[in-house]
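Residue numbers (the numbering used here), protein chains in the order written: chain S, 1 to 741; chain L, 1 to 435.
If you're looking for bench data, these hints aren't it; they were derived computationally from the structure. The beta carbon of each residue, even a glycine, is placed where N, CA and C say it ideally should be. Watch out, some of these pointers could steer you wrong.
Claimed, not checked - Short derived list, chain L residues pointing at chain S, Cβ under 8 Å:
{"hint": "1", "residue": "103"}
{"hint": "2", "residue": "184"}
{"hint": "3", "residue": "359"}
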Amino acid sequence: YQRRVREAILSQHFIVKMSKGKKGVVHGESTPPKTVDKANVVPKKNLPVEEEGESSSAIISRTFILVLIALLAFFTRLFSVIRYESVIHEFDPYFNYRTTRYLVFNGYYDFHNWFDERSWYPLGRVTGGTVFPGLMLTAGFVYKIFRLLNFTVDIRNVCVLLAPAFAGKTAIAAYLFTKEVKDSSAGLFAAIIMSILPGYISRSVAGSYDNEGVSIFALIFTFYLWVKAVKTGALFWSALCALSYFYMVSAWGGYVFITNIIPIHAFILVLIGRYSNRLYIAYSSFYVLGTFLSMQVTFVGFQPISTSEHMAALGVFGFLQLYAFTNWIRGHLSPEDFRAVVKFLITLTVGAMAMLFFSGFLTKFIAPWTGRFYSLLDPTYAKIHIPIIASVSEHQPTIWTSYAFDLHFLIFLFPVGLYYCFRDLTDTSLFAIVYAIFSIYFSGVMVRLMLVLAPIACVMTAIGLSTLLRPYVASLRWWKSEKQRDLPAIKPEISLIVLIMVMSLGAVFIYHCVYVTSEAYSSPSIVLAVNSPHGRQFLDDFREAYFWLRQNTDVNCRVMSWWDYGYQLSFMANRTTLVDNNTWNNTHIAQVGKAFASSEDDAYSMMLQMDVDYVLVIFGGVSGYSGDDINKFLWMVRIAGSVDPTVKESTYLTINGEYRIDENASPAMLNSLMYKLSYYRFNDIAVAGSGGQDRVRNTPIGDKKPKLKHLEEAFTSEHWIVRIYRVLKPNARGKERIAKP
Amino acid sequence: MKNYLLLSLVVIFFFASCYVEAHSASGDRVLVVLKDSSLKSTHSRFFKSLQARGFKLTFGTSKDSSLVLSKYGEFLYDHLVLFVSGVDDFAPKISVASVVEFIDEGKNVLLATDTEVGDAVRNLGEELGVEFDEEETNVIDHFNYHPSDTLDHTLLVATPAKNVTLFAGVQPVLFRGVGHTLSNENNGLNIPFLHGASTAYSFFLDKPVGKRAPKILGSKSQLVSALQARNNARAVISGSLELFSDKFFSTDAVLAGKKSKSGNEQFAQIVSGWVFQEKGVLKVDRVYHAHAATGETPSFYTIKDEVTYSIRILEWNGEKWAPFSANDVQYEFTRLDPYVRLYLTPDSEGNFNTTYILPDVYGVFSMIVDYARPGYTFISTKDVIPVRPFRHNQYERFIIAAYPYYASSFSMLVGIFVFSLYFLYTREDPKKKKD
């Protein structure tokens, strides 16, 4: 078996380095392969220059550079901590933080079996089984290590700083990956770009304690190990690859990307005649190990063998077995017999497989693609069928400016790198190509997947830049050398000019990155900063309101809000919520949406049925905060309408189909609970005569004095961003209440 | 020494007060507001029966400005009798709003009026969910009138509502006065006690029916109705003051040619007993749920647990809380929809029990007993308890269906071991290999 592997390696026209460092082209079986070490089998065309006889100073300096890059990646992400405070950001991180605390204080088994009765009232959520635990386990592990060393760190700070710390590791992973695809100088380029690229910083600033923070590292590292495994054909590397894949699966649902990219790469390799036993070993062992490991994650469970997203990996696995089997038969039979056997085998297996898959789909054993996956293939799918997916801003298609914003000059050098990958085509560069092409498409479909594009953009740019600059740098060396040889093809002066230009481009890039990081991506979004004539002003309404709830309401009371605020409510206010950002039950969310869209009387009976004690709405009309519930209201209507067809979007629009809140607004809009809760008493603080000017919509409001019958105002935050209403108990005497302004 | 004297006096007064203690479950101080003081003598039998049952009556007329319901934020009375009509306020210092507040605080009101009605009564009625017909209208029934009233047919003979168990065996009741309707019939809080026959209607005596249809018709015309509020306050609304008068108490009733002593005295006694919380008063003494096997009450259950639920309901029998007995008390185990709905089994102690197996559904469930019967205090208890799925180690460890898989994995283990041995300790013949 081992011999067969070696033969396969040798027959693929590779340069094999001998143990003494000599180079020689090996054809066929002419050289006894006894000294061949898998690790130093390297592709022919992109043979690294510096790998050869590398001085220890080079290694040291490269290590030093990498450490600096990792530090840079860490520190550049601390803007939010310095400018605001060490605080968890946004929405999902609050859930992750809450679960991490639970893990740290209650132990793993309680975390694993956690049934959270305080969210999704009254359904509850099996949190332990519906969460990707990788992030929490990582943070918990880091925390435990620090505690073990008697550093009494706060778990919050561990969570806040986890993403920046992993960003450093991502940069190093990017270096390793690029080194495998190209060489280590390109790797250094990739690392430095990776460390400051806005597209990745957007999800990994301090406080952004989300799955992506650790899983982008896992993604790149898995790819690095995969490439390494394909290159060497070593069981060791593919086993490591499977382990890294396991970590990725445990950390982020985006692992499906790996599950599909790797088989596609393998399949393409076979198609273009680059099948090798290395590939066979790498893929087979990765697939089997990786699948078994991934099934250990409770949330994933049996999905790898039962859902469509994972079928490509299974299919390629089977295909590779057949391919290897036919190859083996070929060696034992005459060509005629072989052809007959192959024909028979192909019809048999293809028929059997088709039957199997068909019956699998028919019996629904193999689940069809999920909505999110469909919307990747067809960007308009979600908007039509699943409003809840389309309603999330990060699921919107990407606008072109965000490419420039997130990638800057990488969009120009990306094709250059792609070109060089095609030119010096190897198994590994083919992987980079496949990854690049798929991620470009996906990033165009969903804003959020820009994150997947960012690493390969770095790698491609680094390859392009490094290959472009190599002749110029080489010509500069002429000065350093003894100047006895002939002038190089490019004059050193021209090289100098070119290099200075590239450096200034780099400087512009760095300036852009720092600017974007500090201005756009470091806002925690629970504290809002506003630039006013009096300087920077902070609106801390969210925490003010959540604190009020925590201090002034019964600990078991139920708060209804739109699902965006569920995670924050359950952690910061510590109150039971009806729906939250884990949008697992569309019907329940639709019910809440319907309550907000209904008239107060109808909403009241729904709220009584769901035991609602308080209602929380976000309102920006006073402060100008545009992410408020009135702006999200149409999505509530759509989501409610997707479950209950009696809720129609058109009734909330004017006759001309406009969404308005002024006097032209539709009656359904003016009577909706959301409208009343938002604008209740709004006119009281209006400047006399202005008629209640809404600062977000920039129009005077339609119903100046909304009246409330079944709810009463309980709390309104300083800038009116958060408004909380108490749901009144039914009158003791059964008397209908009178609406009060 | 003085202290001892004081103490013994207090003790004596305490026992004395115990002795004459009312039969009500919620206090014995009654304020009686009369239309005019003559009612005190015309309705003396009714008031005497109240006093005989231990109530301490304070009388006043609706012109009496010294009457107040509360002082320093405390109510001075537990019950209120309003025998008034044609006034804007029940007394100078007792407004409709203060009576509403009195009820909202869980106190009880007996309201009786006549054809004069008046704003105060009308507004209070509106707050209590009833609507009186216009002033000067009478309930008229040309079929079920008392023989003595041959002219107007306004002296009605009516039978108390049959679905209210309190009135079992009560003779027909004489009624003369204004009718009312229930504004919200379906809320379950307003209960008809005495209503007109299907031939009854409500109209002015001096105007011919024709131009305008009567507002209140048939059996919807309420003569006496009750309100059992959600906070267990009670109110009785009667359109007739005379119903409680000595005269009606001693008049014979004639219904369908059958002559009998009028049921008014008995009816008045039952109604006043009910409204002042002597009768039909229930309370939940204890709610208990636990694992059926261990008897421990956990903070959460697991699906498919066997659970015991028990609720102890007591009834006020006029002297003490005695076990309540009924066989129609239902229990619900609800998560938005009821998953389990069972009749509870009563025992002699007033406990209502059941043992059942939780459904295979997790979530936050409510254990609900909602017992609402006309004439009884509404019982509504709700205990919220999470039901969680199995822990990872609560599933069955070995299942028969998986035996092939166990077999395959163990055979794999053995196979690897054997093959490793084989590869380690056998050597291919080098000569053969060369070929």
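Results for each hint:
Given hint, residue 103/L at the interface with chain S, holds; its Cβ is 7 Å from that chain's nearest Cβ, closer than 8 Å. Taken as an interface hint, residue 184/L checks out: its beta carbon lies about 6 Å from the nearest beta carbon of chain S, inside 8 Å. Evaluation of the residue 359/L hint against chain S yields a violated restraint, the C-beta minimum of about 14 Å exceeding 8 Å.
When each numbered hint is compared with the structure, a violation occurs for hint 3 only.
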